[in-house]
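Asks: What follows is each chain in one-letter form.
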Amino acid sequence: MPDSLVIRNLHASVGERPILKNFSLTVPKGEVHAIMGPNGTGKSTLAKVLAGHPDYVVQSGDALVDGQPILGLEPDVVARAGLFLAFQYPSEIPGVTIANFIRAALVARQAKGAPFDAKAYYAELYAKMDALKMDRKFTSRFVNEGFSGGEKKRCEILQLMMLKPRYAVLDETDSGLDIDALRIVSEGVNAMRGPDTGFLVITHYQRLLDHIVPDRVHIMWDGQIVHSGGKELALELEEKGYDWVKKELAHA
Amino acid sequence: MSAPVAAAGVTDNALQSAHGGKGPATLADIRRAGREAFASLPMPGRDDERWRFSDVRSLSLDGFAPAGAPSTADASRLVRGSALTADAEATLVFVDGHCVSHPALSAVLVKAGVVFAPIEDVVRERPELLRDEALRHPALLGGAKMLALQRAWFGSGYVLHVPDDVELTKPLSVVHWALAEGSASFPHALIRVGARARAAVHEWRLGAQPDLRTLSVSATDLHAGPGAKIERLSVQNWGSAAQSFEIDTVTAEAAAEVTSVNAAVGARRARLENVVRLQGEGADVRLLGITVATGEQEFDQRTLQVHAAPGARSDLLFKNALLDRARTVFSGLIKVEPGAQRTDAYQTNRNLLLSPEAEADSLPGLEIEANDVKCSHGATTGQISPEELFYLLARGIPLAAAQELLAQGFLEEVLTRIGDAGAADAVRGMLRAKFHS
Chain L
0 MPDSLVIRNL HASVGERPIL KNFSLTVPKG EVHAIMGPNG TGKSTLAKVL
50 AGHPDYVVQS GDALVDGQPI LGLEPDVVAR AGLFLAFQYP SEIPGVTIAN
100 FIRAALVARQ AKGAPFDAKA YYAELYAKMD ALKMDRKFTS RFVNEGFSGG
150 EKKRCEILQL MMLKPRYAVL DETDSGLDID ALRIVSEGVN AMRGPDTGFL
200 VITHYQRLLD HIVPDRVHIM WDGQIVHSGG KELALELEEK GYDWVKKELA
250 HA
Chain B
0 MSAPVAAAGV TDNALQSAHG GKGPATLADI RRAGREAFAS LPMPGRDDER
50 WRFSDVRSLS LDGFAPAGAP STADASRLVR GSALTADAEA TLVFVDGHCV
100 SHPALSAVLV KAGVVFAPIE DVVRERPELL RDEALRHPAL LGGAKMLALQ
150 RAWFGSGYVL HVPDDVELTK PLSVVHWALA EGSASFPHAL IRVGARARAA
200 VHEWRLGAQP DLRTLSVSAT DLHAGPGAKI ERLSVQNWGS AAQSFEIDTV
250 TAEAAAEVTS VNAAVGARRA RLENVVRLQG EGADVRLLGI TVATGEQEFD
300 QRTLQVHAAP GARSDLLFKN ALLDRARTVF SGLIKVEPGA QRTDAYQTNR
350 NLLLSPEAEA DSLPGLEIEA NDVKCSHGAT TGQISPEELF YLLARGIPLA
400 AAQELLAQGF LEEVLTRIGD AGAADAVRGM LRAKFHS
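Protein chains in written order, with numbering that gives the first Met the number 0: chain L, 0 to 251; chain B, 0 to 436.
Don't read these hints as lab results, they were simulated from the structure. For every residue, glycine included, the Cβ atom is placed at its ideal position computed from N, Cα and C. Do not rely on the hints blindly, as some may be mistaken.
For each label pair, taking beta carbons as the anchor points, the in silico distance ranges come out as [as the list claims (entries may be wrong)]:
{"hint": "1", "chain 1": "L", "residue 1": "Pro53", "chain 2": "B", "residue 2": "Leu40", "range": "32 to 42 Å"}
{"hint": "2", "chain 1": "L", "residue 1": "Pro53", "chain 2": "B", "residue 2": "Ala432", "range": "41 to 51 Å"}
{"hint": "3", "chain 1": "B", "residue 1": "Glu124", "chain 2": "L", "residue 2": "Arg135", "range": "18 to 28 Å"}
{"hint": "4", "chain 1": "L", "residue 1": "Gly175", "chain 2": "B", "residue 2": "His435", "range": "36 to 46 Å"}
{"hint": "5", "chain 1": "L", "residue 1": "Gly175", "chain 2": "B", "residue 2": "Gly44", "range": "53 to 63 Å"}
{"hint": "6", "chain 1": "L", "residue 1": "Val57", "chain 2": "B", "residue 2": "Arg51", "range": "13 to 23 Å"}
{"hint": "7", "chain 1": "L", "residue 1": "Gly175", "chain 2": "B", "residue 2": "Val107", "range": "22 to 32 Å"}
{"hint": "8", "chain 1": "B", "residue 1": "His435", "chain 2": "L", "residue 2": "Ser139", "range": "37 to 47 Å"}
{"hint": "9", "chain 1": "L", "residue 1": "Arg135", "chain 2": "B", "residue 2": "Ser354", "range": "37 to 47 Å"}
{"hint": "10", "chain 1": "L", "residue 1": "Arg135", "chain 2": "B", "residue 2": "Gly428", "range": "19 to 29 Å"}
{"hint": "11", "chain 1": "B", "residue 1": "Val109", "chain 2": "L", "residue 2": "Lys132", "range": "29 to 39 Å"}
Here are the simulated DMTMM-like pairs of lysine to aspartate or glutamate, each with C-alpha atoms no more than 20 Å apart in a straight line [claimed, not checked]:
{"hint": "12", "chain 1": "L", "residue 1": "Lys111", "chain 2": "B", "residue 2": "Glu411"}
{"hint": "13", "chain 1": "L", "residue 1": "Lys136", "chain 2": "B", "residue 2": "Glu411"}
{"hint": "14", "chain 1": "L", "residue 1": "Lys28", "chain 2": "L", "residue 2": "Asp195"}
{"hint": "15", "chain 1": "L", "residue 1": "Lys127", "chain 2": "L", "residue 2": "Asp179"}
{"hint": "16", "chain 1": "B", "residue 1": "Lys169", "chain 2": "B", "residue 2": "Asp419"}
{"hint": "17", "chain 1": "B", "residue 1": "Lys169", "chain 2": "B", "residue 2": "Glu119"}
{"hint": "18", "chain 1": "L", "residue 1": "Lys132", "chain 2": "L", "residue 2": "Asp116"}
{"hint": "19", "chain 1": "L", "residue 1": "Lys136", "chain 2": "B", "residue 2": "Asp314"}
{"hint": "20", "chain 1": "B", "residue 1": "Lys228", "chain 2": "B", "residue 2": "Glu280"}
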């Protein structure tokens, strides 16, 4: 599957505690897949493991970005291979402005020593901030410092739009958002949908999927996908609740 | 010319030949007193609390000598490289302690009575300015021996006098270059800003080559009159084998506002002693320190904030980033005298260790003899937050660049408090270069 994000038979743990248990999923480029599931089922662990977070240990399995294995690589190498993680709780980075931060991320993707086109960079940055209804003054704000929940998530989407990854994993991007912010963030993601990008949208609630309509919905339970379906599965889950998953699906 | 500066038995003749021997009595008096004090004082010892954590065993003032005046070619090359303060009203340039450029002030400022001149000119034209009591400030924080040596060789440096109610809109700049290997220089800055007057002065201490071994002992006496407003910036970027001692005294009268910034970049070992005396009601002094320590560098910072008047405020923030096997020592004391009610005094030292072999020692202290005060001090020494680092890595920024970006972010809190954006940029550039040295 060269044009896909492929996760195969992934087992991963935090310390001694197994979290991902034989997890498999394929997200073809150009599609939006949603993972839904109750808290504690391993959704955020999946996101962190894919991004190469050092606190998680992979026991076995594969993850490939367009055929390139990414497990075991340093997080910066994974990112440059084309995987972007939008954080559930983005870190505050004192003293580093948004403009310098995104610039450093773009410079890291250039050939070493290549000139950086600052003029084009700012033109693009401002255009994307306008689309996300972010005040241009944000460029000189320190990354996420003193931001509201909504501002942090908008900042994540701004980075996503600037870095143009092959695959984006959105970890609970809807948490902490009011309805206006949710709409703006969703519009940003929808504007990026297209044949060049695949999305894995992790969410606890169905409401985000009203705005970012998925091609496929997967239900996660105890470290693995237990059920998959079309976008209507999210509605069904919303209606029946996670107890339904527990009774009907988890031990099927 | 090549008499060692610290050897016993330095003669009057040797001293006078180094400075032309034409000084008036005041100069000779200052030097004689300095010489006598130097002879009688011991070198700091390991049991001296004011040198705690400093590497006193390797401390030596031997092996340096004042250098002669630079060649015309060297002087003009260095003067060309001295435009560090963009938009400076005037720039004084010294090379190995010799003044090589002394542009005239504008007619308006001269008419207003502003003096900004090398001490050698002041000796000739305004000798009364050198009788200033500021020259008698003792070194309270351990550097008495070094200050005595500085006075024994007194004659380099400058005087800035701003009369009452005169506002300088553009900063003044002073650039000290070390050029000759083994050279010693002893500049003094005598800054007196009158009531309600306003001035900014930037002092740059630079090595003409990156690896020079030189000695500098500088003394600064800054006096802010009632309601005066001063920003002072001292940037130390000597060659990598240099020894540097800066002994500063800041005195703030009623409602004076002073910002004093010390940036430490170069030298093998550099020590800053800064005594601030808030002696008028409502005085407001901000003290900022910023350091990137690399290699085997030792930066030693000793501060004293004395609140001698009610309702005054002092706020100190020193941030050090350490790499390699570098060391920093911060020792600061807030002293609130009886009667200094409604004091607001703060002292913060934060150290960021970027290497397991780096070491930062911090000794904050409070001594309060008044009962209605707001005082706090805090010291933290830590490493880069793993979560912050992961966030940067997850954006594709490689480890070294991510650590550098976070360290620069750590320092930014100090840099953004420097009033002059151009000067802050110049300091930022010097600090960033240290991550690639």
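Asks: Take the hints in turn and mark each one as holding or not.
Replies: A quick look at each hint next to the structure:
Between Pro53(L) and Leu40(B) the C-beta distance comes to about 54 Å, which lies outside the given range of 32 to 42 Å. Checking the proposed 41 to 51 Å range against Pro53(L) and Ala432(B) shows it is violated: the Cβ atoms sit about 30 Å from each other. Restraint check, Glu124(B) to Arg135(L): a C-beta distance of roughly 53 Å breaks the suggested window 18 to 28 Å. For Gly175(L) and His435(B), the Cβ-Cβ distance of about 39 Å falls inside the hinted range of 36 to 46 Å, so the restraint holds.
Separation of Gly175(L) from Gly44(B) is about 59 Å and conforms to the stated range, judged on CB atoms against 53 to 63 Å. Look at Val57(L) against Arg51(B): about 49 Å separates their beta carbons, and that is not inside 13 to 23 Å. For Gly175(L) paired with Val107(B), a C-beta distance near 58 Å fails the hint of 22 to 32 Å. The beta-carbon spacing between His435(B) and Ser139(L), approximately 25 Å, falls outside the hinted interval of 37 to 47 Å.
A beta carbon spacing of about 38 Å between Arg135(L) and Ser354(B) agrees with the range 37 to 47 Å that was offered as a hint. Range check, Arg135(L) to Gly428(B): about 26 Å between beta-carbon atoms, so the 19 to 29 Å window is met. Val109(B) and Lys132(L) have their C-beta atoms about 55 Å apart, which leaves the hinted 29 to 39 Å range violated. Between Lys111(L) and Glu411(B) the CA atoms are separated by roughly 26 Å; this puts the pair beyond 20 Å, and the hint is violated.
The suggested pairing of Lys136(L) with Glu411(B) holds, with an alpha-carbon distance near 18 Å, which does not exceed 20 Å. In summary, the hint linking Lys28(L) to Asp195(L) is supported, as the alpha carbons are separated by about 6 Å, within the 20 Å threshold. Distance check on the hinted pair: Lys127(L) and Asp179(L) sit about 17 Å apart at the alpha-carbon level, within 20 Å; holds. For the hint pairing Lys169(B) with Asp419(B), the CA-to-CA distance comes to about 10 Å; that is within 20 Å, so the pair holds.
With a C-alpha separation of about 24 Å, the suggested pairing of Lys169(B) with Glu119(B) is violated against the 20 Å cut-off. With a C-alpha separation of about 24 Å, the suggested pair Lys132(L) and Asp116(L) falls outside the 20 Å cut-off, and the hint is violated. Only pairs whose Cα atoms come within 20 Å are accepted, and Lys136(L) paired with Asp314(B) is rejected, the gap being roughly 28 Å. Using a Cα cut-off of 20 Å, the hinted pair Lys228(B) and Glu280(B) holds, with the two alpha carbons roughly 15 Å apart.
Consistency note: the structure conflicts with the earlier hints numbered 1, 2, 3, 6, 7, 8, 11, 12, 17, 18 and 19.
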